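Starting from the known structure of chain A, arrange chain B on it as the hints suggest.
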Amino acid sequence: MKAADRGLEYIGASRVEGPLVVVQKVRDAGYDELVEIKGPGGAPRLGRVLEVSEDNALVQVLEGTEGLSGATLSARFLGESLKLPVAKEMLGRVFDGLGRPADGGPMPLSGDRRDVNGAPINPVSRRYPREFIQTGISAIDGMNALVRGQKLPVFSGNGLPHDRVCAQLVRQAKLPGDSAEFSIVFAAMGVKRDVADFFMRDFAASGALGRVAMFLSLADAPGLERLLTPRAALTLAEHLAFDLGHHVLVVLTDMTNYCESLRETGTARGEIPGRKGYPGYLYSDLASIYERAGRVEGSTGSITQTAILTMPSDDISHPVPDLTGYITEGQIVLERDLFQRGVYPPIAGLPSLSRLMKDGVGEGYTRADHPALASQLFACYAYVKRVRALADIIGEEELNAGDKLYMRFGEAFEKRFLTQGEHEDRSIETTLDLGWEILSMLPRGELHRVSAALLDSHYKGKEG
Amino acid sequence: MNGAYVTRVSGPVVTVKGMAGALMYEVVRVGELGLVGEVVRQAGDLATVQVYEDTGMLKPGAPVERTGAPLSLWLGPGLIGNIYDGVQRPLPALEKQSGVWIKRGDKADPLDAGKLWDYRPLLKPGQAVTPGQTAGLVRETELVEHKVLVPPGVSGTVRSAAGPGRYGIKETLAVVDAPSGPAEIKMMQLWPVRRPRPARERLRAAEPLVTGQRVIDTFFPIAKGGCACIPGGFGTGKTITQHQLAKWSDASIIIFIGCGERGNEMTEVLREFPELKDPRTGRPLMERTILIANTSNMPVAAREVSIYTGITMAEYYRDMGLDVAVFADSTSRWAEALREMAARLEEMPAEEGFPASLPTRLAQFYERGGAVTTLGGERGSVSIVGAVSPPGGDFSEPVTQHTRRFTRVFWSLDTELANARHYPSINWLRSYSDYLDEVAEGWRRDAPDWRALRDGAMELMQREEHYRQIARLVGPDSLPDEQRFCLFMGGLMRDAFLAQSAFDPADAYCAPAKQAGLLRALMALYDGGRARLKKGAPLAAVTALPCAGALLRAKTEYPNGDAEGLARLLASVEEQLAGLAPAGKEGA
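So the protein sequences, as listed, match chains A and B.
Position one of the first sequence corresponds to residue 1 (the working numbering), numbered consecutively onward.
Position one of the second sequence corresponds to residue 1 (the working numbering), numbered consecutively onward.
The set of hints was computed from the structure by calculation and includes no laboratory data.
Quick caveat: nothing in here was measured; it's all calculated off a predicted structure.
Reference excerpt, derived from the structure (chain B facing chain A, CB under 7 Å, subset only): (1) R8; (2) S10; (3) K59; (4) L91; (5) L94; (6) F234; (7) G263; (8) E268; (9) T295; (10) N297; (11) V300; (12) R339; (13) N419; (14) A420.
All C-beta atoms in this analysis are idealised placements derived from N, C-alpha and C, irrespective of residue type, glycine included.
Bound-form chain B, shown alone:
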């Protein structure tokens, strides 16, 4: 495997000679600095390599070293709470090595091989094992019990097994006599980043992924194992929405991929997550989070692979029977990395310069999400939420269009709402969720009337938009009372329910029961108010009811879990409606 050398350098794309027999996606080390690269094309003696680091001053003739293996991740305890670049270099370790700047050729082990973990074995010698079976347990963080799994492809009889104790990730914990020879089980596994990890079977998504965001959970829910797409022009709050979801989603593991985005945004996550508490367990959010940060100024080839790094880690935890949520911000930057690499490889471009393989690549990525029965027989899931940054806010561009084909939830961010600082700026008329039936079971626990409330509210918002358009032409005062009331209620619904502050401690996370309670009170005012209007009550009297103000403040005034308070709110709405004077007389 020696004698290979560089013959041509064009940015991150390098041509190498002397590479007969090289494998596609094999990792190579290029030049004196040992820059990490991957073989992306092979023809006879020549190979084209994409390099994950800056290739400045790299020269023809520089030596290239083959590793014989595809780009693989280290999977094992120690991933949680860490922060990696796109090719799994641990950023805190790089900082210790070379300070605030990432230097070329920097290397560090993704996991600390010297760290000892408390291991509780579940295997005994003589026992038969199959792939995916739990060999032992490691408490990775307070929130995560890490299962050391028998790797895919390994089955047989346990020859020897280590007892309980403290072990490093590379120590042998058990030896299995497999048909092909003895196989060692360690805490750490290597897994090629571009290959999906196997599962026994795929399941229908059934549980809602509760995010605590009203417009999402109530109107456009995502199921555990579902895929969602958030497209939005710049300044529409994609990143804040993604952060909110990463903070509050009720998944066991959160993987946040900052793919080609701002450095300061990753810093914000790093600063906030250790301080924020998980609303369900009270533990710091960082104890269930892995961050992948390949910011926009880091090498573009590593950006391309960062998406796969994140999803492979997600599958690894899914295989332990956990619910994992992956947030990718932004898949457009990933697609642009594909485009840039394709252009350097002189591939024939398809739509807007993107390679013709873009839809396939997107489909392959989203298809790695889903609910499954793991090899070990447990239920696990990977949910994917991909942000899309369409150029010029134009949703007809290829990345948005193709992403729509492979995701079943579409949260459409709206510049007009964002300009009015209505957040999350998810447009309720253009968004959709295809998981309404799947999540119904989960909602039934918190609010049996959820679907009826939701559909009623959606109809209200549809009508509001319709009347708003008319009002834009003739002025609201020319509309009949019933329609003006609809406009009034639409406005109330926007402010009291759909808008949600990420910065108000009482409002940032809204539990499903509170969501339903708020909506129930709002719909009571809507339905009751319309009935009163029909009986001749004056519009001014209905809109002047004090409960409207109470509804506006309710989202910040009632804490999660205050069922009684919300019941009182509903009662006060009904009471005030009942107290409206009959037609013809003045005010309530």
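Extracted from the complex, chain A is given alone in its bound form:
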């Protein structure tokens, strides 16, 4: 930007509509440039340029247009896109959705300011994630194992205990025998204050608060601010992981709110809507967030991402979970039916999936029997679902002896393997042994996916 134009203030806008403001006769403004908008007597609000031509600039006001008047507002173009100063000292602090201190403390000193949009990682420079993270939750460790550098979201519904499950995961996640520095970056988009407080209390109770940086754009914050919240959080995470070598766990909650803000902007601009009114670029936009995870060559750190999203009316084919599932490396699905039957954590057996599990478990990672055991549990539990459907029609008494056994197996799987205490931290050995114990309720001849050698050493049931 030319020095003469820096900080030039433009008075008046030709149009104010929803979150958008059109400023006319702007000189030298850039696409995605940050703008400071001032109304009469109010604090300055941040905005960014969505579209710029020779005559005017279309500015999206992140902090809402309430109380602005086209005739009197003033706009100052800041000459750069949103940048976040990054420093290790940001751990232990609380920020607002745009990365400004919200805990009364000063802005951390840092000469290093980063564009919050980041840059794509060169696929050649990625290191393939394969270090098993023990979460102490059997349904995850045993069946959908998480590895360092993975992005594994939690698909949930309103009223389901996703926050508790997520807090437990954050509390217990560890790499057996590893002492590298770890930190947590927490980004809240449009959730209630209670939720943020719940996490804060939980971090405090486990003594982790000093290692957590929180970016809060809560339900009462202006809606569009949260479009930048995950980006600001991930910018800090990238600094911690790839410059300082931390293992960073990023928690993003709730991505559904984020997507709704995106829809709001799209609608305001009069864009052609895609499915359910969400913009056609929702996939690319989500990818620019989720893909900021992983490991890279030349750095010991990692970013592991877990995003919580609530599925509107528990519909997994809704655009938000659907497109998320296409980008992330699996998903942990919480199931209302299990929850109502008192199973905690209510992690659905079949639709949950970890795509990176295959390379992070087994001989040399967890235990040699892990992959086959998991595959067999999936197969048997899938059969349980079929038997239950049959029992609903013909009645449980009419089932044959083999199918009745499966009904009992299903019960034990849910009540003993899936169910565990909120503070129960199971080692991977405990989880696997428990899996074998339950599998041993079934006749040996039913277990096709496990080799004879593994059955010889682990099967505890009657031969047959």
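The following block gives chain B in isolation, referenced to the frame of chain A:
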């Protein structure tokens, strides 16, 4: 060509003034960073440009430089084993330049112009040449002998020709006196990415593309030069299936296009392919593979072009008389890129916001596949396998529907199978292949009885599904023995034949002879078992035969090429069936 400047920026779409006479799809460089873009609309002095890189902080007034040429690829030795982004920037070279992050305005030559290749000329001065003729040979990798071809459009008499020796890709190897003037032949050619390369004539596909995947080769085969579509919701194993095909298909060249997909998946390919050995030659798979990686977080306009980049490279190798297979994962992301660009250009949307040109664009892409006689008179082929990611797993959406119109093989991935971890989760009742007759000749070499076995097994699976539905209502125990046996055999067929482990070294690749051997033994048990039941043998006795367990383990226990072992397996099935006690007496 100067004086052009930006007047409007909206994401990747930029309007430029001072562009009178610009060509459609001409490449331009935008702004101080020289961001690469392409003209997609032209009206008088104004042109609309789609930019392949992030346009953050680009301003009206920024200079635009025209290049006068459409987006073209560098084609020549050095492509194999490389990994490119959607606009053919070599990613390893970019990493050397700017580290792990791809920076805006990064540039690197697609091929190393300094590298010298051993060249064996086949031309002599005074010789007459026609387009597509081989001018000389270069050993590109252990697996690929690269033919330096006389480019399309060049014919005449050779004026001078270089002798054998080591040359760089930009050195002149021969000069041809063509009617329009002298034309130089080099190792490297430039070819516009959106223009199909010419061939002499199109041929009927005749050979199977052997993939080593049982459910594909045996049930729903694809021919060399064929086009297939793999649709599936998320988590149904599209990518793993694509990876398996890219690893084991018996094509000479594999081009894998990661179009708008996950970064870690490309990393997995990069990590695995150099280590994996081609089952036919024992050489690393990377020696026949080109990767195009335009992951989901890389610019969307470059994603749109990545499909064409891949298919143009495929045609280039096809013209050398090779069989090339292109795997595009996923064409839905490409279609979404089209939609995004169309929306920015304010085009009137058709179905679900996709541009009305979507079916045409899809047709043009798949039509670039096929078996041909090349300009040089050889037989070559391009097979295309396109993954489709339908939103919500709903196959009635436009991309799946239109892709079905232009492909003849449909491998329908099934969420229910994937949930039970049955992989590949290709649903055998909803999939189809229209190449059964074309590939019959190829199958005859390995198994003359293939078609009969296949049709018999398909009928079994149809019947199994029918009885399964009845059993769901009344319970399996109420069915007659013959139908329960069908359910038993269906289950065995699923586990022993249709499910195939990508991670078990003995099972990941299953040669056609082994596929037929396994199926033969299974069908022997089915046919023989039914005959026994008719004669009154008890169902429990038939299902308790030890050979059922042996059949379950056979896919992992018999290596490829163990014809004797499979013959013994078949014999043991027949023996045990023959040994069944007649009706009324206990057990075998």
